[in-house]
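Peer 1: Okay, so the sequence shown: first residue is -12 according to the working numbering, each after it adds one.
Treat the hints with care, since some could be wrong.
Cβ-Cβ distance ranges computed for the label pairs, FRET-style [stated by the list, open to error]: (1) Asp147 - Met109: 39 to 49 Å; (2) Asp105 - Arg141: 31 to 41 Å; (3) Gln205 - Asp126: 34 to 44 Å; (4) Lys51 - Ala20: 19 to 29 Å; (5) Ser(-1) - Asp92: 14 to 24 Å; (6) Ile119 - Met(-12): 14 to 24 Å; (7) Gln205 - Lys77: 26 to 36 Å; (8) Phe94 - Gln177: 26 to 36 Å; (9) Asp86 - Glu180: 31 to 41 Å; (10) Ile96 - Gln64: 22 to 32 Å.
Calculated directly from the structure, the hints in this document are not laboratory data.
C-beta atoms are modelled at their ideal positions from N, C-alpha and C, and glycine is treated no differently.
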Amino acid sequence: MLAPDLRGHGRSDPGTGYSLENLAGDVEEWLDAMHITEFYLLGWSLGGMVALELVEHLKNRPAKLILLSTTPCFVRQQTWTAGQPRAQVKILARQFRRDSHAALDSFFISQFDGDGFDGEQMFSLRRELLDISLLPGKDAGLGGLDTLMHADLRHRLGSDIPTLVMHGDRDAIIPAAAGKYLSTHLPDAQWLELEHTGHAPFISHPQRCADAIRSFLQ
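Kindly produce the complete structure, drawing on both the sequences and the hints.
Peer 2: Dropping the structure here:
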């Protein structure tokens, strides 16, 4: 399993732009540099949007696609109710400019709304995941939020790659209705809704996630 860090995240250098096209272009260049021609592609959250952009570049190169807690459009619009209010994203951007660590901590906690974790479990998750992570810099964080504010892939869902769309029914970041939309508008997609699950099911319900992915790939 190969998990490249997007630009400005983890150990990847920052870039001058963080649009879906920029991020997908980086992954495409990385695939070429690694001489990877046959693979399965999994994207989570914003990474799922990058994966959708990437398959537009690669056409049918990935054998299968897995979209986990993904949306075609993050921000609520007049014709799209399965998103976050635009004002909420602007507030998060302001918080990130003022104190990026506090903003990321709050965002991290909200990913597990609906999973039923108590305070001690959340403290343990923070210590095991957030506290040891290389957090994105301000440019990368704000660039990602700007991309989420403006990206809309609803009219670009023509890929017929076999796709598994997985989504928690209690996702507080991206409503399950957004994933359901993807499953009904992608030509060859399966839908799997995970009960009593928030935005990061591979952390809160790792075995259920692994079993579903393994079954789909087999």
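Peer 1: So, for every hint listed, does it hold in this structure?
Peer 2: Hints, one by one, checked against the model:
Roughly 41 Å separates the CB atoms of Asp147 and Met109, a value that falls within the hinted 39 to 49 Å. The hint said 31 to 41 Å for the Cβ distance between Asp105 and Arg141, and at roughly 38 Å that hint holds. Roughly 41 Å separates the CB atoms of Gln205 and Asp126, a value that falls within the hinted 34 to 44 Å. Between Lys51 and Ala20 the Cβ separation comes to about 22 Å, which falls inside the hinted range of 19 to 29 Å.
Range check, Ser(-1) to Asp92: Cβ separation about 22 Å, and the 14 to 24 Å hint holds. Separated by about 19 Å at the C-beta atoms, Ile119 and Met(-12) satisfy the suggested range of 14 to 24 Å. Under the hint 26 to 36 Å, the C-beta atoms of Gln205 and Lys77, about 44 Å apart, miss the expected range. The given range of 26 to 36 Å is respected by Phe94 and Gln177, whose C-beta atoms sit roughly 29 Å from each other.
For the pair Asp86 and Glu180, the supplied restraint of 31 to 41 Å holds, since their beta-carbon distance comes to about 35 Å. Ile96 and Gln64 have their C-beta atoms about 27 Å apart, which keeps the hinted 22 to 32 Å range intact.
Of the numbered hints listed earlier, the single one contradicted by the structure is hint 7.
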